[in-house]
Every structure is written in C-alpha cells, then in structure tokens.
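Given next are the chains, with one letter for each unit.
Protein chains: 2
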Amino acid sequence: MPQLRIALAQVNATVGDLAGNASLIAAWTARAAADGAHVVVFPEMVLTGYPVEDLALRQSFASASRQALTELAARLDADGHGSVAAVVSYLDRDDVGPRDAVAVLYDGRVAATQFKHHLPNYGVFDERRLFKPGHTLDIVRLHGLEIGMVICEDIWQEGGPIAALGAAGVDLVVAPNASPYERHKDDQREPLVARRAAEAGAPLVYVNQVGGQDDLVFDGDSMVVSESGELLTRLPQFVEHLTVMDLDLPGGAPTLAGDLAGFAVRRVPLSDAPLAPYPARPLPDAFEPLSELEEMWRALTLGLCDYVRKNGFTSVVLGLSGGIDSAVTAALAVDALGASNVYGVSMPSVYSSDHSKSDAADLAERVGCHYQEQPIANMVEVFVSQLALTGLAEENVQARCRGVTLMALSNQHGHLVLATGNKTELAVGYSTIYGDAVGGFAPIKDVPKTLVWELARWRNEAAAARGETPPIPENSITKPPSAELRPGQMDADSLPDYDLLDRVLDDYIEGDRGYSDLVAAGFAPELIDRVLRMVDRAEYKRRQYPPGTKITFKAFGRDRRLPMTNAWREGK
Amino acid sequence: MPQLRIALAQVNATVGDLAGNASLIAAWTARAAADGAHVVVFPEMVLTGYPVEDLALRQSFASASRQALTELAARLDADGHGSVAAVVSYLDRDDVGPRDAVAVLYDGRVAATQFKHHLPNYGVFDERRLFKPGHTLDIVRLHGLEIGMVICEDIWQEGGPIAALGAAGVDLVVAPNASPYERHKDDQREPLVARRAAEAGAPLVYVNQVGGQDDLVFDGDSMVVSESGELLTRLPQFVEHLTVMDLDLPGGAPTLAGDLAGFAVRRVPLSDAPLAPYPARPLPDAFEPLSELEEMWRALTLGLCDYVRKNGFTSVVLGLSGGIDSAVTAALAVDALGASNVYGVSMPSVYSSDHSKSDAADLAERVGCHYQEQPIANMVEVFVSQLALTGLAEENVQARCRGVTLMALSNQHGHLVLATGNKTELAVGYSTIYGDAVGGFAPIKDVPKTLVWELARWRNEAAAARGETPPIPENSITKPPSAELRPGQMDADSLPDYDLLDRVLDDYIEGDRGYSDLVAAGFAPELIDRVLRMVDRAEYKRRQYPPGTKITFKAFGRDRRLPMTNAWREGK
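Residue numbers (this note's numbering), protein chains in the order written: chain A, 4 to 575; chain B, 4 to 575.
If we strip away everything but chain A, and leave its shape as in the complex, we get:
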C-alpha cells in the first residue's frame, strides 16, 4: 500500500505574535523534515494564535497574517523544506469577510487554501461574530495520495465538509484544532474523531493546540485514528510534542471534484508519483490520558504559567492567609514558575489567628518560595478611625488594605498579583471587591471549594509518592475555613456547608437547572432560595474578578454572561 510519513506538531503559539509563531512553525517543520516527514500538520490558527477575539475583524491584522503566510512558504522552501507539505492554519480575509483558514505550503508557495465551514457560536466561542463560513474544499495530491482538510468544529458537527470529503474520495484527512481543555472533554474527542474518520473513509490526523491563552487552556491530546476507528497514536497532554509516524494508506480513492454535498471541491496536484516503498517504523506508543485530578492540576499550572509568561512577567506575588485557597494557589504557582519566582506575603490583621501566620510560614517553607510578613493593622486603623467604619465596612477595609499592599509590591517590584479566590466564593459573592479580588490572574477561579481540597490532597499524595515534601500544610487542609475579618468569624456562619453548597451550585450553574428541578432533586427550598439569591446578586462582582483558567463546563465570564442589572429571581 502507498506509504506516507506524517508529523503532528502539537505546539504552543502566542496570540498576535506573527513573527514568533512563524519562527516556531519553521523550526518544527525543520524537525519534522529532519525525521523524514512528508507532511507536517499544525494546530488551528497557529500563525496568529487562537483565539484572536476581535483582532479577527481588524483589516490590518488579517493583511499581516496573509503576508506572514506567504513569507513563511518562501522561508520553508529557502530552508530546504519546500517538499514537505506544511498544513498551516491562519487568519485570512477576502471580499466576504474574515476567515478561519488553513493552507498547504509547498514548494515555496501557498498551494492550497480552505476556510472553516462550521463556526461555533456557543460557550467560549463567538466565531459567527468573527468569521464567515467557507463552502470550498481543496484536496491536495501528494505522492499520489489524496489529502483533505477540515478545521476543528468541522468535525464536531454532523454533515458538512467531512461528508463532502467522504463523497469526493480522500486517502487521508488532516484536522488542525484549537479545542480548549475542559474536565472530561478528552472522553468525547476520541469517539468523535473515530466517527469522522469512518465517515470520511480515511484515517484522520487530529492536531490540537497546547498552551494557555487568557482564560483558556489547550491540552493538546492530538491523535491519529484509522478509518476503522482504531487509535493509531495519541500525543501527551499539556506539553508541546512532535510525533512523526508512518501510515500505510490504501490509495486509489475516487478523485471526484466539482459540486459535492454542497461544497465546491477542487483537486490540487502537488506530486503524482507514489513514494518508493521504504521500511516503515513501528507505530509510536500512544500516551495514556492523565488521571482526572492530575489533568486538572496540569491544566491549572499551564494556564497560569502561560498567562504570566506571555504577558511578559516572570514572577508573581500573592497573599498567604494560612488557608487552603492561598496554599493551593501558591503550590500551583511554584509548579508553574519555580519557587524562586513566587513571593508570598502574610498580611495579618488584629483578627488574624496564630495559625493563620504559622500555616502560611509552613507553606512557604514547604514550597520554598519567598516569604514576608506585612501586618495591616496600622493601615486599617487609619481608615477605620478617620471614616468611622463599623460592621461590613470595617471587614472590607481589611481585605482592601491587603489588596493595596499586594498591588504596591507589584508596582514596586514588577510581580504579577495572583488572586486566590475559588469558584464557590465567586458564585455566591463571598469575596471583597478590590480586596481579595485584586490581581492580574486568579488561578483557581474555576475550581469549586470541595475540588480545591481534593486537589490539595492529590498534590500532597503525588509528592509523597515521589519522596518529596507535600507542599500543602495538613492544617490548611483540615481546619475549618474562615475569612478572619472579625473575631471568631467562620465561613459556616455565612454559607451552607461546602459539600452541600457545591452540589447545589453544580446543579444550578453547570447543570443549568431551575428552581423546580432543584426542589425535585431533594434540596431544601430554603437552601435553594438562599443559594440562588446569593448567586444571582453576585454577577457584578464576578465580572470584576481577574481571569482564571477555565476547567469546567461553565466558567464564570466565558460561558455564562448574565446582565449586571437583572431583576430575575429563579423560582420567585
């Protein structure tokens, strides 16, 4: 059977960095070529990075992307790799509008071009705002084999380009993707890719982006699946990776062109002669998917690392309260950036317990980060006495003096501030705007409180299993949570038990269930009332919170956009 050596380049591009991304593509094409690859496939919009948001609408950006593509084709040829077909996705623009596009670069030129057909416009995606859909397919002939292309969402929808490729006839389908990580998502991908390979009647090469961008993190998890549904290889999650593999392809697919299943199909001959038979290597091992908790930890670490790095920061500063949220955030930061780039600050007030200081110091020692104590009593005292503050106003001033302290250290020393709030707090508005909500990034923003504890235990066990010091102090995990903004204050005074609260929130937010569904699920009506009222009132606070890596189905900000002025009360 005709052979082909194909490279999957699972890379981490940066949004807007056309020159840097072009160099990345050139370097990985060279690596693929050095390993004898005939085709190299990059993720969706690798040249511009993804998602570009409204940059897609800027004429000057689209022009620059087109120009960078043409220059890249010439550069690959000049580097001696013109005979490697490089599948490079980019931002195009024509008379109809902006396009999410993919090109085949070959022999120094842009040999084939195709536009994404299915434009997702739900959840984190706004592609109908940004792009116009394509209705043409370019099938390239390389060494006598017919290679079709589809882009990301094109494989998530029934019909469309995959059906057209199946009708036209192809020997191989390549699919550049930018599919964000989300808990349990990898369970969906493999069967999906298998189904589309069967529909196309050809193996499908799925290459996904890796890396963090704003509040999204892409996990890679690229794969190749045969037309009979067999997983031929799978790439690792959360790291850049190049896999070069040999495929035996049947060849002899029909080569219909013209109007097929609603698409204008064009055949683009690059080279007709099949390759002389060569000794194929064994299939590369498929990487196993990570365990669920490790997968989330790695997602949070990579999202944090890339947000800091791609924004030009090298170090972070955060408040250490001795509690579980700041401990987990610090452990993530150390895993992401190294202990020498993490600055922890204990900021005790007159209401802080002794263990808040000792647990914070213990954490800092365990993870090896910088540590200082900055008591806030003097700052708070000036505000409270001058403005005659009492009650909630006095509580909030403490959180805000901490916020001002962290921002001052950031301005003075150039660290990015990390906010340490979790998803449960954000959901019910249990945080102080301009206080603990201060920061450039919020690593556990999308992690419910009960999952924060689970991750802490998992991380400690993973360390112990490697013979390392568990990073999170046991006391931070086991002690009852408290904001310590007034004497003896406990979270349990203001909030339902976290196990119960997270179950209501999961049903209401992730499950989008209404009041009557929640009653039917067995929750007490008073509890539902109380929780839903808190959630519905907190939208403004959530909007003002820093971004954080999305790991759930419905992350605040990205997936759930509610009015700030909203009189709707569920069940009332």
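In case anyone wonders, no lab produced these hints; they're calculated from the structure. It is possible that part of the hints are untrue.
For chains that are exact copies, the list does not tell them apart, and a pair is met inside one copy or across any two.
As the list claims (entries may be wrong) - Straight-line C-alpha distance at most 30 Å; calculated BS3-like pairs for lysine-lysine:
#	residue 1	residue 2
1	K135	K360
2	K135	K482
3	K544	K557
4	K360	K482
Model the placement of chain B on the given structure of chain A, informed by the hints.
Below, chain B alone, put in the same frame as chain A:
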C-alpha cells in the same frame, strides 16, 4: 378608507422583572384603551426586558416568560381590554431553541406568534448565541385590516420578512424594537423605516425601547412612516411616552398565505368587519430630534439613572478632584438622581493643589450636592513607609487609598460608587487599577476627553440660557489637566495633547484604521507608535473598569473584545 387607532407605547422595562413588566404593559394598555386605541404596540422583548444575555438560554426563564405571556393575555381581557390587540414581544422557547418572539394578545388569549428572523451578531449583539431564527409570519386581520409584524433587526437587513410581507399583502406593519442609542444613529433610522414601509407597501409603526440596561441606553425615538416615506409622527427621545393616533389605511391588500419568499405565511382572523367611520383626530406633532450634545447628555443621564435605580440604589458617592472629569460626572449624577442623592468627597493628598480643593467645593456648591473632605495623607503615609514605596508605586497608592475610602463610604452608607474616568484615559491606560477605576458605574467611560469639555460647556450654556447657575466651575474647564500624584505633574507630561490624541484614537478605535492608514492620514509615525502601544497594552485595565453608558460606535467592553494576552503590535 378603513380607519384604525393605534398606540405606540414607548416604555422602560426592566430585564428579568416579568411581574413588573407585565404590570407595566397592563397599565399602558389601559391608557391606550382609554384613549380608544384598537392596537397597542410595545418594544422588543418588553415582557422580559432587553438584552437578557445568557438568561435566554435558561429553560426556567423561558418557561416563566411564556407563562407570564399567557397570564397577561387573560389579565388584559379581565381588565376589559380584550378587544385591543396588544403586540407584546417576549422570550419564547420551542423544540428548536430559544426565540426572540412577538405575540398578539387578543380576546384573552395569545392569538398570534412570530419569531425574529434576522439575528444580529455584531457589535453589542450576540443573538446567534442566544436565539434560533424564525421562518414563519403571522398576519392578523383586525377590523378587516391585515397587520404584519417584524422584530428590530428584521428591518435592518435587506430581504427577509419585510419582502415576504410585501409579497403576501398587508395594510400595516408593526415593528417592536430594542435599538440602543449611539451618536448619529437616529440619522439612520428614519430613512431605513421609510425604505421598509415602501417595500412592505404599508405604513410602518416603529416602537423602540427607552431606558438604560447595563452599559446600553435605549433612546426611544419611535415613529410612524407612511408607505410613501412620509414621517407621520415621531416620539420624544429618552422618556417613556404614549402616542395614540388615527391612521387611514387603504385596506383591500391581497391576502396571500402559504410559502412566500421563503416564509410560511399564516393569516390569523381576529375581526373582519371594518370600523364604522369615526372622526379622526389630527396627527400628533412629531417631536424634533435633540441637538447632538443634548442628546448625548440625556443618554448619559438616563443610562446612569437606570443603572442606579434598577440595581436598587438611590444614592451615589464620587471623588471630586476639582478636575473636569469628576465635575462633569457630578453634574450628570445630579441631573440623573437629584442633588440630595449625590455625595461628593474631596480627598486631597500632600501633592494636591489648592485649586483642586477650592474647585471641588465650588462645584459641590453649584450643583447643591453633599460635600465632605477626607484627606488621604495619613493613609498613604502608612503604606509608603511600611512598604518603602517610591515612584509609580507611591503614585498609585494615593489613587488606591482614595478607592478604599470611597468603597468604605459606600459600604458604610449604602451609596453606589461612581468612577470618573473618561474614554481617552481608558484607551491609553492612564488610570490606576483599583484606584480611580473603583466603582459600580462609570458614567463618562465612553466619552473622549475633548467631548467631556464640549459637554461641560454645553451644560453650562444650557443652564445660563435658563437663568440657572452653570454647574461646572469655569476653572475646572480651563485649567490644564493633572492627576496630581507627584509634585507639578501634568497630563501633558505623559500624554500627547488631548486634541491630537483624541483624533488618533478616533481613527484607530472608532475607524478601525491600521498603522499605514494613520500614517497616510498625516499623523507622525512616532505619535502613532506611542499611542497605539499605550492602547494595545491597556486591554486588561479596560476589562476591569466598571461599566458605563455606551454612546459611541465602539465602546470598550461591548464592541471591541480583544485578547488580554496579545503580542500583536500594529505596524510592527
């Protein structure tokens, strides 16, 4: 010719307040009925308010909207107004998905229903995320006249429902709208409505929402245009208004049904017999559009008023620096809420000039708002000495101590904090996050600096023309702008001249022009470099800024959504 008395109910609904909106509709239907109206037309999604954002996706909200509609139909009949055809738009949901819908309530029931066809998905609109398009048209027969319906965007696009109504035959078209205000937008509406009336071959009754919702403000500006393009009446801007008018309609339109121009057209008979001839009233006077500056002032006032009111606040607090931005913000707040609900705070630091205090006090006296002085020197001193702050870190701590002070007063006394930043500052990032950016609402967020001055002069002149005290101190208008965060600091040290800066920003942001276009427009390359670098770096700050009423084509947040991590540098 057959007659009909029609009421345009230009009302201010509240998002999510189904019960309140139903009562509003019932009250205005009663007013219309008392004036003898046969039809009353309300704005788009009046029953739910508009825009509902992702509330549209909640099953329980859609069910509640449908139920509220049915109950409203019964209530109108029970009130004795069953024979008035009430055109009420609402959120519907069927097996296909959520729908932006309009119904005719008649005789105690939902007599006709139709779904919006053209779903805008650009600028401030995300309707393809939220709704599924409709492909059916219900034409009701009332007193022997055929009345067709279209919803908002359906008249902004060529073809579609208007063309189908023209083909089917109607005597009248009614169009509920939720069309947000934007500078110069009313210039577009009248010719558009006239063109669609001609295409439908019937007069068009255009009823637009009025009021603020989040960062949008709806200006009303409802109108009726004859099929020959004559403006028959126009309602005032920025206020609720009921116009009841008599129309002489030709009658005898063809009454085709079935598949027409891609729509399934259904005829819904309500009553066949024409009305006995009655003495028609003269046409009501058409309100003149406001002057451009008054229009903007009113938009900003209404947006601010409704944000405060609909969020359950009655009073606001803001910092008064003696500068033009806080002076204009205070004047807007007083016009919106009354002087007794506005609390001004002067917060001088050691670097504050004497005129900053005297101009602030002068402003407070002119507008009659509450006024207090809260020096921040003691608070700043604790942070600066304890944390050893210098340079920018010291400057920012001053702004942040002011932010903490305002939030403390808000928490203690229940006022909403207003941020006083203008669009130019936001564009270039000339503000302190968690400092002057603190607040629940930012009234002049979308007003460029040069326009702030223009509005101040206009407001003073308007006061003088009425024999009132001009609210803005002359010195606040004429003195050179300064942040006063270090000795002798002037905006001009950090920023280009505001006249020049606003012209570059207008071309870059509103005009979406790229680097080479700006060079071609004659701006110095160094200036373009400098301004664009500042704008591109400030996206994160802009995201954290409070919402404010949109009055321009490209308001930050709503219309221009850029990545926070973005390496793209225009022209580099």
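Handout entry: Hints violated by the structure (numbers, ascending)
Key = Of the numbered hints, 1 and 2 do not hold.
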